[in-house]
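**Student:** So you can see what is in the structure, the chains are spelled out below.
Number of protein chains: 2
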Amino acid sequence: MPEKYQALLQKVNQIHDLEKAAQLLAWDRQVIMPQAGNEIRVQQMTTLRQLIHEMFTADEFGQLIADAAAETADYPYDSNEASLVRYLQDEYADRCKLPADFITRRAEISGRATPVWVQARQDNDFAAFQPWLEQVVELGQEMAGYYGYENDPYDALVDKFEKGITTAEVRALFDAQKEATLPLLNAIQEQGRPVDDALVNQHFPIDQQKAFAHYIAPFVGYDFDRGYLGTAVHPFASSFSRWDARITTRWYAHFLNPSLFGTLHESGHAIYEQGTHPDLARTPLARGTSSGIHESQSRMMENVVGRSWGFWQRHFPALRDHFPDQFNGVSARDFYRAVNKVKPSFIRVEADEVTYNLHIILRFELEQALISGDLAATDLPTAWNDKMQEMVGVTPPTDREGVLQDIHWTRPSFGYFPTYALGNLYAAQFHAAAVEQDPTIGEQLADGDATPLIAWLGDNIHQHGRKFTPGELVQRATGKPLSHRPFVRYLIEKFTDIYEL
Amino acid sequence: MPEKYQALLQKVNQIHDLEKAAQLLAWDRQVIMPQAGNEIRVQQMTTLRQLIHEMFTADEFGQLIADAAAETADYPYDSNEASLVRYLQDEYADRCKLPADFITRRAEISGRATPVWVQARQDNDFAAFQPWLEQVVELGQEMAGYYGYENDPYDALVDKFEKGITTAEVRALFDAQKEATLPLLNAIQEQGRPVDDALVNQHFPIDQQKAFAHYIAPFVGYDFDRGYLGTAVHPFASSFSRWDARITTRWYAHFLNPSLFGTLHESGHAIYEQGTHPDLARTPLARGTSSGIHESQSRMMENVVGRSWGFWQRHFPALRDHFPDQFNGVSARDFYRAVNKVKPSFIRVEADEVTYNLHIILRFELEQALISGDLAATDLPTAWNDKMQEMVGVTPPTDREGVLQDIHWTRPSFGYFPTYALGNLYAAQFHAAAVEQDPTIGEQLADGDATPLIAWLGDNIHQHGRKFTPGELVQRATGKPLSHRPFVRYLIEKFTDIYEL
Chain R
1 MPEKYQALLQ KVNQIHDLEK AAQLLAWDRQ VIMPQAGNEI RVQQMTTLRQ
51 LIHEMFTADE FGQLIADAAA ETADYPYDSN EASLVRYLQD EYADRCKLPA
101 DFITRRAEIS GRATPVWVQA RQDNDFAAFQ PWLEQVVELG QEMAGYYGYE
151 NDPYDALVDK FEKGITTAEV RALFDAQKEA TLPLLNAIQE QGRPVDDALV
201 NQHFPIDQQK AFAHYIAPFV GYDFDRGYLG TAVHPFASSF SRWDARITTR
251 WYAHFLNPSL FGTLHESGHA IYEQGTHPDL ARTPLARGTS SGIHESQSRM
301 MENVVGRSWG FWQRHFPALR DHFPDQFNGV SARDFYRAVN KVKPSFIRVE
351 ADEVTYNLHI ILRFELEQAL ISGDLAATDL PTAWNDKMQE MVGVTPPTDR
401 EGVLQDIHWT RPSFGYFPTY ALGNLYAAQF HAAAVEQDPT IGEQLADGDA
451 TPLIAWLGDN IHQHGRKFTP GELVQRATGK PLSHRPFVRY LIEKFTDIYE
501 L
Chain V
1001 MPEKYQALLQ KVNQIHDLEK AAQLLAWDRQ VIMPQAGNEI RVQQMTTLRQ
1051 LIHEMFTADE FGQLIADAAA ETADYPYDSN EASLVRYLQD EYADRCKLPA
1101 DFITRRAEIS GRATPVWVQA RQDNDFAAFQ PWLEQVVELG QEMAGYYGYE
1151 NDPYDALVDK FEKGITTAEV RALFDAQKEA TLPLLNAIQE QGRPVDDALV
1201 NQHFPIDQQK AFAHYIAPFV GYDFDRGYLG TAVHPFASSF SRWDARITTR
1251 WYAHFLNPSL FGTLHESGHA IYEQGTHPDL ARTPLARGTS SGIHESQSRM
1301 MENVVGRSWG FWQRHFPALR DHFPDQFNGV SARDFYRAVN KVKPSFIRVE
1351 ADEVTYNLHI ILRFELEQAL ISGDLAATDL PTAWNDKMQE MVGVTPPTDR
1401 EGVLQDIHWT RPSFGYFPTY ALGNLYAAQF HAAAVEQDPT IGEQLADGDA
1451 TPLIAWLGDN IHQHGRKFTP GELVQRATGK PLSHRPFVRY LIEKFTDIYE
1501 L
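So the protein lines, in turn, are chains R and V. Counting from 1, position 134 in the first sequence corresponds to residue 134 in this note's numbering; the numbering is continuous, with no gaps. Add 1000 to the 1-based position in the second sequence for this note's numbering, that's all there is to it.
I should point out that these hints are in silico values taken from the structure, not numbers from a laboratory. Check the hints yourself; a few may be wrong.
Claimed, not checked - Derived coverage of chain R by chain V (criterion: at least 3 residues anywhere in the stretch with Cβ under 8 angstroms from a Cβ of chain V; other residues may be distant):
| hint | segment |
| --- | --- |
| 1 | 3–17 |
| 2 | 189–195 |
| 3 | 201–211 |
| 4 | 237–246 |
Small disclaimer: the values here were computed from a predicted structure and weren't measured. Glycine is no exception: its CB is placed at the ideal position from the N, C-alpha and C atoms.
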């Protein structure tokens, strides 16, 4: 290994270990820690974040990167060495733009805002959260200023989650997709054969839900020998290495979908991290390349696989074994239709595939307005409800079912929401390419076996970690740039069948 | 706050936060992490330990301590400021004696030895662990050399767990206690009314054991709002702040004692950390002052309180409610006698109060022999078994029930074992002093209420954290230096009653 590169790698490993320690502090805070521990935990997380920032933005580290870049200039573009250096150059430049005191404030405010949001959501009390949201928005505006932008401050923010994409590109994709699927939504609502989903709203003992989650996750590729399923109010996946990639789920005694599809969703995230190449371990390349690509993997397992007819044709008998009373007399087809019911609703994470992206477009537009200053935090609940009525056709009865439902705005992670909808577009495009490149993938999937698809994802996406940008990756894997069309085709084909249009 | 001291405190907070992050990596490794994650986890822990060592032993940190010491020279001895500076001066001197590469090797070897020991214990395969033990012993010898000693390298090691005590002092205490309690042991074996403990060896559903652990721990002062009960192969307590002090337990379906008394034991450790004064938070004073004093608190709750007649007179009905079939027709007195049965046995953590210290003295002697080089690792199983026969009167049928039973020698923590026996001595002395100072403490305890005793411990021990050395603390709290006599008196009084001597 070249000498300078080796010196760089050693430092990178050290910083990465600290990153993972900080991530464990965060994981533990959500899953295990008693609430009383929060104040000190936030300080611990802040200290680690500060230290990481100091180490990452030190002149000495910049020099190490520059030296290693010169030394590896002839390495192939897709080599681990060239890819790591490329990533670090970009990330170093980005991080150096943020002052140390900003990092500290950001960590402190976010750390404190999270439990306030948890309580505010529980109490349906937006006013309690509002002063914190205001601080978080200010952090977002300040951050956009540090990163810099030409016209739209939101450009600076979305780029941090989806490297290389612009607000205008996102808007174009969203508008095209919305327009192309609106006729489908209308057809479903006006002519579709009604779907009864009462069967997922029965009493499902939580222990049995847990047992089924442990049964089903391996069928979308999740390896429990390198993982752990915990409980969290707001489910997430987090990995400490490819050998320890964890998922969390929430359990409702009277609603099966959150735990079932939540588990499949987080499993999709986790298998991405479990599938990163071992040679990338202890480097920042050992993770998904962007939020959108990450979400494509979770949505792939939650929906493209996990809400497919083949999958339930195969696994419904096992589900019925776990809940014999609840599913007495229910057919696989009944269940399949129930979990694909299209119904405009309040909660993003429970939205069906046809309306889901509308929830995202709403957030995308509100975020832009908050960041540009066109919308004040105090007016957000009203704006939210108005837009819900206009776009989704329903008005949330409470803020808990409206503006308070997501954890995301406890951090200045503006620009993150759109990656959820991008994830759906990527997922459909990956799925279409995989099936086109190898028809047996589609045949096996129709038979409920996702193994060949998972292998394709492993080869084309997971193993590369963060070596390529999302744009590069989608081009390499599918031969085309991101488009809304595969997703539109996927929705029309699937829901034409389900609603017998 | 004086300026130099404030600068010191800021750095101390930062280092302490990293310590706690490292501790969480370790806690999680034992309680949550999938086995596959170990290799990378060890590297993460090593990185943190390295960084902490660098920061703690930096000349700049030494200067900060010296400056703050000069600035606070007039502060009262028992002030937080003077106590922190005193502790740091001592710790700084100690840590500077260990080279950075030694710290790294120690963390790596210990990290890797732990899962080997877990497997070796499971497989009853000492040979698999032996090469690791050899490395750990060499680390211990090397460490003693760095710390320095006059005659006995073991002096240098025991001092790290029980500041200020010497091997000779420990030996004198142990010999005196052994001699004074031998007649009791003989009397029990020869003239005692037999105790039947079959009732604790029935089937106890683990869920019910967990429920009872959650019921009983608060009665020895454990605050679940600032804690968490997890599961671990080798139970331990670990705190991330006084607001997040956790315990772990192991559960056997056919043996009640490990989970029941293990929970009380770890609760005793945890209430020490939960009871440290809030002003000590984010400093190294926010923990127990020594291993021996810490153990005194766990043994206090496990035995002095948790195996007392008053305690079970009060709580046996609740235990029977949890296990109505198992304890049908059993009286509180039957249970009390059963959990106090004296019987020479193989496993330290299950040993009764009369023979427990013999297990420790055995380890104390073997450790000294390993460190001095008089005993080779390969000869350890034989030496162990011979000594067990000689001292306790039994020979373990397997190494799993012998030399492989404890996790301690996966780290070079030689000098730690004796603190277990010292803990019993301290506990009896604290208990005697508390009852003497305030007779209602004893009266309430006889009635099963430990609250006044817990309050006394909070005032005299817990709140001080690590402000005083163990010698200072025992003198302040009891007015006397440590003696074996209160423990001997306690044993004789208690077991004369139980065995009707």
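**Student:** Now tell me if each hint is right for this structure.
**Tutor:** A quick look at each hint next to the structure:
Chain V is given as covering the segment 3–17 of chain R, and this holds because 3 residues of the stretch bring a CB closer than 8 angstroms to a CB of that chain, at least three being needed. Counting residues of the segment 189–195 of chain R whose beta carbon lies closer than 8 angstroms to any beta carbon of chain V gives 0, which falls short of the minimum of three for the stated coverage. Counting residues of the segment 201–211 of chain R whose beta carbon lies closer than 8 angstroms to any beta carbon of chain V gives 0, which falls below the threshold of three, so the coverage claim is violated. Judged by the Cβ-Cβ criterion of 8 angstroms, the segment 237–246 of chain R is covered by chain V as claimed, because 4 of its residues qualify and three suffice.
Hints 2 and 3, counting from the list given before, are not met by this structure.
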